[in-house]
Amino acid sequence: MTPELKGFLLLSVLKMLFVFTVVMIGVALLTLMERKVSAWMQNRLGPNRVGWAGLLQPAADGVKNILKEETSPALANRWLFTLAPAMSFIPALLLSAVIPFAAPLPVEFDFTLGPLGRFAHHGLMPMVVADVPVGFLFVLAISSMGVYGVALAGWSSNSKYALLGGLRASAQMISYEVAMGLSLIPVLLMSGNVGFDSIIRQQQAGLWYVLPLFLSFFVFLVSGFAETNRLPFDLPEAESELIAGYHTEYSAMKFSFFFIAEYANVVTVCAMVTTLFFGGWDIPGRWDEQGGVLQTLATGGFFFLKLMFWIFFVMWIRWTLPRFRYDQLMALGWKVLMPLALVYIMVISTAIYLIEHVAGITDPKLSSLALFGVNVVLGLLVFGLLDSGVFIKGSSRRQPASEVVG
Amino acid sequence: MAIGVKVMQRPERQVSYVRATLKGMALTFKHMFEPRVTMQYPEQKSTTGWSLSQRWRGTHRMLTDEQGRSKCVACGLCPQICPANCIKLVPGEDEQGNRYPLIYEIDEFRCIFCGYCQEVCPEEAIHVGVHFENSEYSRGRFVYDLERLQSQTHAVSTLWDPSDPKGE
Chain P
12 MTPELKGFLL LSVLKMLFVF TVVMIGVALL TLMERKVSAW MQNRLGPNRV
62 GWAGLLQPAA DGVKNILKEE TSPALANRWL FTLAPAMSFI PALLLSAVIP
112 FAAPLPVEFD FTLGPLGRFA HHGLMPMVVA DVPVGFLFVL AISSMGVYGV
162 ALAGWSSNSK YALLGGLRAS AQMISYEVAM GLSLIPVLLM SGNVGFDSII
212 RQQQAGLWYV LPLFLSFFVF LVSGFAETNR LPFDLPEAES ELIAGYHTEY
262 SAMKFSFFFI AEYANVVTVC AMVTTLFFGG WDIPGRWDEQ GGVLQTLATG
312 GFFFLKLMFW IFFVMWIRWT LPRFRYDQLM ALGWKVLMPL ALVYIMVIST
362 AIYLIEHVAG ITDPKLSSLA LFGVNVVLGL LVFGLLDSGV FIKGSSRRQP
412 ASEVVG
Chain X
3 MAIGVKVMQR PERQVSYVRA TLKGMALTFK HMFEPRVTMQ YPEQKSTTGW
53 SLSQRWRGTH RMLTDEQGRS KCVACGLCPQ ICPANCIKLV PGEDEQGNRY
103 PLIYEIDEFR CIFCGYCQEV CPEEAIHVGV HFENSEYSRG RFVYDLERLQ
153 SQTHAVSTLW DPSDPKGE
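Chains as they are written, first to last, in the numbering used here: chain P, 12 to 417; chain X, 3 to 170.
Hints are computed from structural coordinates only; laboratory data are not their basis. The beta-carbon is built from N, C-alpha and C at its ideal position, and this holds for glycine as well. Heads up, some of the hints might be wrong.
Just some of the chain P residues that point at chain X, by a computed CB distance under 8 Å [unchecked claim]: (1) M52; (2) Q53; (3) L56; (4) S186; (5) R336; (6) L397.
Could you build all of it, start to finish, from the sequences and the hints given here?
Here's what the structure looks like:
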C-alpha cells in the first residue's frame, strides 16, 4: 500500500465515523423534534420531562426499546422477520455516505505510525464519505432497496394488516420512484453530470436549480414524501385502517429500526432536495470561494441550516395535511406527476437547446434566468390547473346502481 | 343488484386545492407561536383557565363533630340507596342510646360516584369529595374504613343544585 492510499483510508474511516455518529444522533433527535413540532402546532409543549427541555427523551425511548420484550408471531417466518428491519435500515443509512455536506477541506499530512508505515495526504479532501461518480443514480438505486425491507416485513409477519401495509408500501414506492427518477432528468440536462459535486459546482456558477427547474423540484419533493411513506402518503401504516401497517407485529428494538430507517430516509430526501435544488453547501455570493478551514465550516453550517429547514418542512406538512385515499394516491403518482415530469423533460430540453444554440446565451446565470422565466409561465399553468381541480378530483366518479346492468 | 352508490356532484373548476393547502399550512405555522395550553400536571393542578369543578364527585369523606367523632348515626340510609351496593354498615349503640357505626366501609372500586349517599344523609356526615388522585399499591387499600374516611382532608362536593342548575 502506498502512503497516499493509507492516508485516504484513514481519512475515509474518520469521515465514516463522523457521518455515522451525526446521522444516528441526528435521527434520534429528529424523533424528539417531530414530537416537539407536532406539539407546538397543536398549542402543546411536547416532551419536556427527561433532561433539559426533553433533550434526553430519545435516550429514554432508546433504553425503553432495548429493554422491552421482543415478540415474534408464532407463524411468522422467523428468518425474514428478523432480517426485514435490517433490510430497511441499512439502505437508509447507506445513502448518507454519498451526500457532500461541506466544501472540500485542504488536508496536508505525512507521518509514520510505527509498524503501520507512512500515511500521507496532499490537496483537497472532499467532505463526503464516498465521492461516487454516479451521484444521484446511486441514491435512486439504493433508496429503492428499502422497499424490500418493508414488503418482507409485511409478508413475514403472517398478519393481514402487516401484509396489506407491505403491499401498499411496495406499490406506492415503486409508483413514485418513476416520477422521482423522471423529475431528476432535467437536473441531469442542466448540469450534464450526475455527480453531486459537479451539480453543486454548476449551481454555484449559475442559480440554484430550484429557480430554473422549479417543477422538477416540486415533483421530486412530492415523490420524496411518498418514498419515505410520510403523511400525506403514509398509507402503508395508515393507523385508522391498518393499525400500524407493515410493522404491526414488531416490538422493541426491531420496531425502533423501522423508525430509525424512516427518519434516516427523511434526512436523505431532505439532503437530496438541498443538494440538487438548493445548492448543497453553497452560500450565495462570493463568501464561499476563499477556501480553507473556515470555508468548510461555514458551508457545512449552511448545509445543515438548509437541511433542517427541509426536515422542518416535512414535519410541517405531516401535521397539516390529512392522508390521501388510496386511489387518489395512485392517480396522483401515475396520472399527474409522471406525465408532468415527462412533459417537463421535453419542455426543458427544448428550452435549453433554444437558449444555448438559437439565442446563443452561454453565461450560466443568464441561461438560468431565462429558464426561470419559462418556469414561471409553466408553474402558473400547472398550479392553476391543480388548484381548479382538473388534475385531481375530490372523488372518483362511480356508477350509480341504476346504471349498473344486472 | 349492485349496491347503490351515492354519486357526489363535486363542483369542477370552482374548488381550490393549492390555495386550501397553503391556507392550512399557514394555519399550522401560526399555531406554533400561540400560547401553550398545556397544564404541567403534577406541579400545577389548576390554571386560570381550568380547575376541578366544585360539583366533582370523587372519593368519599366522613365529616366529624367537634369531639372528632364521626357525624354518622348509623341510620342505614346510605347502604339502602347505594345503587352499587358498596357501603358496608354495622350499627352500634352506646350507653346514652346514641347510635354510631361499628363498621363503616366503602369499596371505592364498586362505587359509581353517583353521590346519592351524600344526598340522602340526614346528618350531612358522608360526602363525596373533590379529589381524583387515588393510586394505591394494593387492591385491598381501596376499601376505605371509617378511620380513613374521617382522616381525608380534601374539599367535599357541593353536588348539583336543582335551583341553580348552572352552578352560578
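Against the structure, the hints:
1. Annotation: P/M52 was flagged as interfacial toward chain X, and the flag holds, the nearest CB pair being 5 Å apart, inside 8 Å.
2. Here the hint on P/Q53 is kept, as its CB sits about 7 Å from the closest CB of chain X, short of 8 Å.
3. Proximity of P/L56 to chain X holds as hinted, the smallest CB-CB distance being about 4 Å (cut-off 8 Å).
4. Of the supplied interface hints, the one on P/S186 is violated, with its beta-carbon coming no nearer than about 20 Å to a beta-carbon of chain X, more than 8 Å.
5. For P/R336, the shortest C-beta to C-beta distance to chain X is roughly 13 Å, which exceeds 8 Å, and the interface hint is violated.
6. At its closest, the beta carbon of P/L397 sits 5 Å from a beta carbon of chain X; the interface hint therefore holds under the 8 Å criterion.
Against the hints set out earlier in the document, violations occur for numbers 4, 5.
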